[in-house]
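Novice: The residues making up each chain are set out below.
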Amino acid sequence: MNDRNREEIAQAEEEVDRINEIYDTDYEIGQDNVEKWGFDMHQTVFTNSAILIALFVIGSLSFPGVSKELLEATRNWIQQVFDWVFLSTGNLFVLFCLALIVLPVGKIRLGGEDAKPDFSTLSWFAMLFAAGMGIGLMFWSVAEPVGYFTEWFGAPLNTPGFTEDSRVAAMGATMYHWGLHPWAIYGVMALSLAFFAYNKGLPLTVRSTFYPLLGERVWGWLGDLIDTLAVLATLFGLATSLGLGAQQAASGLNFLFDVGSGLNTQIVIIAGVTSVAVISVVRGIEGGVKLLSNINMVLAALLLVFVIVAGSLTGFLSNVGETVSGYVKYMLPLSNPVGREDLTFYHSWTIFYWAWWISWSPFVGMFIARVSRGRTVREFLTAVLIVPTLVTVVWMSAFGGNGLDQAQNGVGELADGISDSSLALFQMLSHLPLTAITSFLSICLVLVFFITSSDSGSLVIDSITSGGKTDAPIPQRIFWATTEGVVAAVLLGVGGSAALQALQAGAVSTGLPFTLVLMAMCVSLARGLHHERKLMQYSDVIQGS
Amino acid sequence: MYSKIMVPVDLQHIEKIDKSLQCAAELAGIWDSVVCYVAVTGRVPNRVAPSPEKFEVEMNMFAHEQRDRFGIETEYKVVSSVDVPVELDDKILGAIDEIGADLVVMASHVPGVPDRLHLMSSNAAHIVRHADVSVFVVR
Chain A
1 MNDRNREEIA QAEEEVDRIN EIYDTDYEIG QDNVEKWGFD MHQTVFTNSA
51 ILIALFVIGS LSFPGVSKEL LEATRNWIQQ VFDWVFLSTG NLFVLFCLAL
101 IVLPVGKIRL GGEDAKPDFS TLSWFAMLFA AGMGIGLMFW SVAEPVGYFT
151 EWFGAPLNTP GFTEDSRVAA MGATMYHWGL HPWAIYGVMA LSLAFFAYNK
201 GLPLTVRSTF YPLLGERVWG WLGDLIDTLA VLATLFGLAT SLGLGAQQAA
251 SGLNFLFDVG SGLNTQIVII AGVTSVAVIS VVRGIEGGVK LLSNINMVLA
301 ALLLVFVIVA GSLTGFLSNV GETVSGYVKY MLPLSNPVGR EDLTFYHSWT
351 IFYWAWWISW SPFVGMFIAR VSRGRTVREF LTAVLIVPTL VTVVWMSAFG
401 GNGLDQAQNG VGELADGISD SSLALFQMLS HLPLTAITSF LSICLVLVFF
451 ITSSDSGSLV IDSITSGGKT DAPIPQRIFW ATTEGVVAAV LLGVGGSAAL
501 QALQAGAVST GLPFTLVLMA MCVSLARGLH HERKLMQYSD VIQGS
Chain B
1 MYSKIMVPVD LQHIEKIDKS LQCAAELAGI WDSVVCYVAV TGRVPNRVAP
51 SPEKFEVEMN MFAHEQRDRF GIETEYKVVS SVDVPVELDD KILGAIDEIG
101 ADLVVMASHV PGVPDRLHLM SSNAAHIVRH ADVSVFVVR
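Protein chains in written order, with the working numbering: chain A, 1 to 545; chain B, 1 to 139.
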């Protein structure tokens, strides 16, 4: 070995030490935890979250009118004043993720070079959908494009309804809301969490992703604040969507079986979903959420194939063309935050969705991170960004396309526009054969998606409130799964949908702080990946000797 | 009488299982048996180690420490799990066969109200009920 080589190796070793020192923390996972009543909880995050949840629930029940007004005004203010922030950062996240796919850092493997994936690709993929988007795809795949086409509540870029142009715009806008952008938001959060946990050994909790920026301060009050906010966004997001979803599911059941869609049916649905979710969290990831996600994937595929074949195969193919061309054509104009004139559509749909996806991102991101060890960055982002977008193209073309065909040809209720968005799917199915079977299948899908959301959400909250531990005692996850159901039922039973909408507005409002969190996360992640890549290069130099 | 004694360990709560470690070592002394420490670890960082690979290193060290402490022959096994609290019992049962243990010595708490109500039983109770080999529960 000559002197030059020796010098190079010494330099590489020095650099490796320097980089490793950046992530060298004295913090012990669980050091701020207390073990009491069979729980193992992070003192500050658990206590503050529990108190704030109780306060919010009591507040919105005691003063339903005021709290609804206040929280909705906050949400509207955020959506109107910071609309450009949401839209621009959304675009940024897509570009960031696409860049990571093609850049050399894409080769980095989560968990180190020798890590093996814990789940098969198909199950992994089923779980990605089951956590964050399944229910939405069921409810909105028909209602949203038909809504735009019939000018129910604003139209993308003010495209006049009931025209060929508006069909393309409707499919393009729907894809824009359900395609690359939301998944990029989830992708940034999920990849950051996974990378800093699996490659840097930091606890699996939101604050850890700021370690390269804030250093030891992440273990202090700032980290507590970020984690508590993540818990509140997740719990209120889940509880309100469970409550509002129970109303939708009840109207679906009533439409099918005439069981009444009143409060009793809704409470029964919440109780049923929560009970199964509790059984599922107790059975763990493998026997619970993975199993249910796989079942749902099969059911969803069956329904999809049926809708394609029963609608019209050629019609479906032309709808796919329309969806893709609409997505490509409208992606840039819809991503533009400047000089928008379609304000109803822009604020009520796009910005609402963006705030929603972002407030939902700690939950979905954390769950995706939990099941993604052993994947490379490239594999991970391709699966989180590109594959779901392609699946959504097919799903929207089948369901939305059929809905649009019916609306355009004057078939059934959809031709008169959207009366009740939660019924649009069933109205579309009712003009295809075997309605009873397919509608029943849809209701089952919706309910199982609720269960998987509640289940994976409880695992996530459990992990954040125990300081990043995933092996906290089982009663703790039962506690969170039950809390979601109880919050949903109490709000619905005592305060009605007004209380739920108030709290949902609160949950969506957390989208703003989390937008800042996500932006900082991009910087932090870019830094972390850059360091990791350097480490790989230096280790080649050292081993090459 | 017993050639291999398995001791399930939780390195995060090592202070709680010292009695079972001592007990296993004493028994190993009587029959000249090998003691195999088994730990089930998750995929995400925990207090003991930032990765499953480093956890393996910690277990190796632990087994050596116990060997030196008691003067017995020791081994270790790390079982990986995606969801530790749920899969713990079954992973331990699986490990009994895998390492060929003929006696399990494990720590357990004194049964409280939840155990009596059959709400949550201890890990040891599950192992006693389902293992084919003898189980020595240390309280």
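Honestly, I wouldn't trust all of these hints.
[Claimed, not checked] Short, incomplete list of chain B residues facing chain A, as computed with Cβ under 8 Å: (1) P45; (2) V78; (3) V79; (4) V82; (5) V86; (6) E87; (7) S122; (8) H126.
These aren't lab readings, by the way, just hints derived from the structure by calculation. We put the CB at the ideal spot given by N, CA and C, even for glycine.
Novice: For every hint, state whether the structure bears it out.
Specialist: Structure-based check of all given hints:
1. P45: holds (5 Å)
2. V78: violated (14 Å)
3. V79: Constraint on V79/B not satisfied, violated at 13 Å.
4. V82: Result: holds, 5 Å to nearest chain A Cβ.
5. V86: Hint on V86/B: holds, closest Cβ of chain A at ~3 Å, below 8 Å.
6. E87: Hint holds; E87/B Cβ to chain A Cβ min 6 Å, cut 8 Å.
7. S122: violated (12 Å)
8. H126: Where the cut-off is 8 Å and the nearest Cβ of chain A is about 13 Å from H126/B, the hint is violated.
Hints 2, 3, 7 and 8 from the earlier list are contradicted by this structure; the remaining hints agree with it.
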